[in-house]
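All chains should be built: construct the whole structure from the sequences, respecting the hints.
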Amino acid sequence: MKAEFKAKKLEILKMHIDVIREAFKQAFAPDRVTVEYPRERKKFPPNFRGLIFCEREKCISCFRCAHICPANAIQIYFHDKAWPGIDYTKCIFCHFCVDSCPTGALRATKIHDVAFATMDEMKLRATQTTKPPEVFREDSVTVDYSVDERGWSLVRVKERDELVVEAPPPRLKRRVSYCADPESCLGCRLCVEYCPSDAISVDRKANKLRILEEKCTGCGICVRNCPMKVLELREVR
Amino acid sequence: MQEWKIVLPEKKHKKKFFGNLLEEVIKPGICSHCTACAAICPVKGITAGDKPIDFPNWLRDCVDCGACVKVCPRWEYKPLNGVGRYIEAFSARSKRFRGQDGAMVTEFTATALEEGIVEKAIFVARDEEWRTRVVTISNVEQLKSEKVAGTKYSFADVLPAVKEAVLDANAVAFVGTPCMISALRKMQRSFKKFERVKLAIGLFCTENFYHSQLSEFLSKKGVAMKDVLKTDIKKGKFIVKKADGEVIFPVKELDEIIPSGCKVCQDFSAVESDVSVGSVGSEGGFSTVLVRSDVAKRVADLIRAKGNAEFKDASIEAVKKLCDYKVKIHPYNR
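Listed in order, the protein sequences are those of chains Z and H.
If you number the first sequence the way my numbering does, the last residue is 353 and the count never jumps.
If you number the second sequence the way my numbering does, the last residue is 643 and the count never jumps.
What the hints contain is simulated information worked out from the structure, not anything from laboratory work.
A couple of the hints might just be wrong.
To be verified - List of simulated lysine-lysine pairs, DSS-like, C-alpha gap at most 27 Å: (1) H:K324 / Z:K324; (2) H:K502 / H:K543; (3) H:K502 / Z:K321; (4) Z:K158 / Z:K141.
Claimed, not checked - Computed footprint of chain H on chain Z; a stretch qualifies when at least three of its residues, placed anywhere within it, have a C-beta under 8 Å from a C-beta of chain H: (5) 294-300; (6) 304-317; (7) 323-329; (8) 334-346.
Built from N, CA and C at the ideal position, the CB exists for glycine as well.
Spelled out as structure tokens, the structure:
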């Protein structure tokens with residue numbers, strides 16, 4: 117009876133030691149999985165689908181973002197040119213607009229934690245999408261997953277993750293409008309009317325249409341509107 | 310810098326080009342309702358359908374490009390007539406399809422589709438009320454399922470559908486009346502892209518009607534359009550077949566509803582087509598086929614080689630007689 121009690125006591129003591137050891141381990145080298153946002157921030161991949169902003173110098177007003185948006189969240193505002201504004205009440209963050217942008221003017225950020233006070237504030241006008249959204253940051257630690265054959269763990273690095281990454285090089289070369297089949301041209305001059313940068317002009321005396329490659333931004337509005345589909349975008353060098 | 314020339318036709322009135330078309334073609338009543346202008350109009354302002362050609366708001370919306378004038382078969386109209394040139398003529402009946410007579414239009418299109426000579430074909434189908442509906446056909450199964458066979462005797466907007474097909478297919482076939490074939494040739498001469506129409510099947514034609522006027526006329530005769538099984542013109546008689554018998558009356562009675570544009574047309578056998586098909590010159594159940602171009606000849610040889618049709622000799626004399634008759638009843642001097 118006494119020996120039995122002694123063995124049990126030893127077992128309890130062993131359990132206590134285990135608990136104390138775990139407490140020390142967690143105090144000095146914790147392995148918790150909770151990311152303590154906002155003091156910590158999860159590291160997102162560079163192409164994370166966050167809020168979108170538009171670099172005006174690169175934008176060629178081609179409307180592709182507005183055309184492709186499945187949620188109809190992009191509204192074009194006309195100032196000197198046509199610029200995209202984004203309605204975040206509708207945006208589903210698919211980033212089709214970013215992917216479709218031929219010049220890389222629309223850029224993704226890793227910012228996804230923006231608070232808006234009202235629904236109206238979520239409708240960003242074209243003037244409000246020119247810069248990445250401002251966020252108040254309390255974080256000083258970046259958390260990332262580390263996966264190897266033993267399993268996965270969280271790695272904490274004491275540095276701030278940059279939320280606006282460097283723009284990737286545009287996937288497309290510079291393209292300009294080109295008439296592939298002048299013999300089928302109706303002569304309707306709709307391309308001249310549609311061109312936002314006056315690259316296509318008409319000479320009414322000689323009855324000639326002219327495309328100036330230097331002025332053409334490659335927006336493709338003429339290509340989309342040509343009733344005979346004789347215009348196309350062609351890469352230059 | 311790229312530069313290209315645009316060719317503008319000569320204006321006859323100091324107006325936009327549609328105004329010229331209005332003065333020269335539509336107002337004098339020689340418009341054939343071929344819908345070529347509606348097809349080519351870059352702003353899609355010209356309307357056709359079951360009413361005369363019109364462009365509401367043309368003063369404002371017309372972009373003055375002259376395309377409608379370039380393609381109009383009645384601009385500077387010189388009537389075509391006669392049987393025209395042909396490589397071979399025969400009378401035939403399809404073994405696979407059933408149609409107005411020998412279903413040779415369907416057979417030609419089916420063979421061209423099967424052999425990859427054309428990718429798409431534009432046909433005119435109908436609904437219960439015999440209203441026309443333009444269908445784009447891309448495989449032979451569709452030819453069997455859609456109600457494409459049989460003559461409708463009503464206008465249809467075929468050429469706008471041809472233009473759409475030309476923009477996204479490389480080889481197109483279509484079936485049309487002689488005025489549409491002439492319009493297509495004018496389109497091909499002005500705009501190179503229309504050379505993608507490889508097979509233009511012309512129909513023997515004396516006149517065509519507005520659906521509303523034809524149904525009104527027939528209802529006066531006591532025929533409801535939805536009871537009609539088949540319409541036909543044979544030997545100067547308009548024949549309406551119904552489930553419970555036939556209504557027959559002379560074509561002359563239809564004179565009041567024949568559109569004025571048809572009354573100046575002398576082209577019975579679609580002389581500019583690749584192949585012309587009609588019932589005149591063949592016995593019942595057979596179609597007369599006039600093969601005029603090399604493409605059509607190739608298709609005809611394929612039909613013969615596959616044995617998909619029965620062949621006989623056609624009576625060209627009968628076709629000639631009707632060609633001459635059409636010139637006689639539709640005089641045009643200007």
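Comparing the hints with the structure gives:
1. H:K324 / Z:K324: Holds: H:K324 and Z:K324 sit about 21 Å apart, inside 27 Å.
2. H:K502 / H:K543: violated, 38 Å
3. H:K502 / Z:K321: Between H:K502 and Z:K321 the Cα gap is close to 26 Å, so the pair holds against 27 Å.
4. Z:K158 / Z:K141: Distance ~23 Å between Z:K158 and Z:K141 Cα, so the pair holds.
5. 294-300: Three-residue rule met by the segment 294-300 of chain Z, so holds; n is 6.
6. 304-317: Since three or more residues must qualify, the claim that chain H covers the segment 304-317 of chain Z holds, with 3 doing so at under 8 Å.
7. 323-329: With 7 residues closer than 8 Å to chain H, the segment 323-329 of chain Z meets the three-residue bar; holds.
8. 334-346: holds (count 4)
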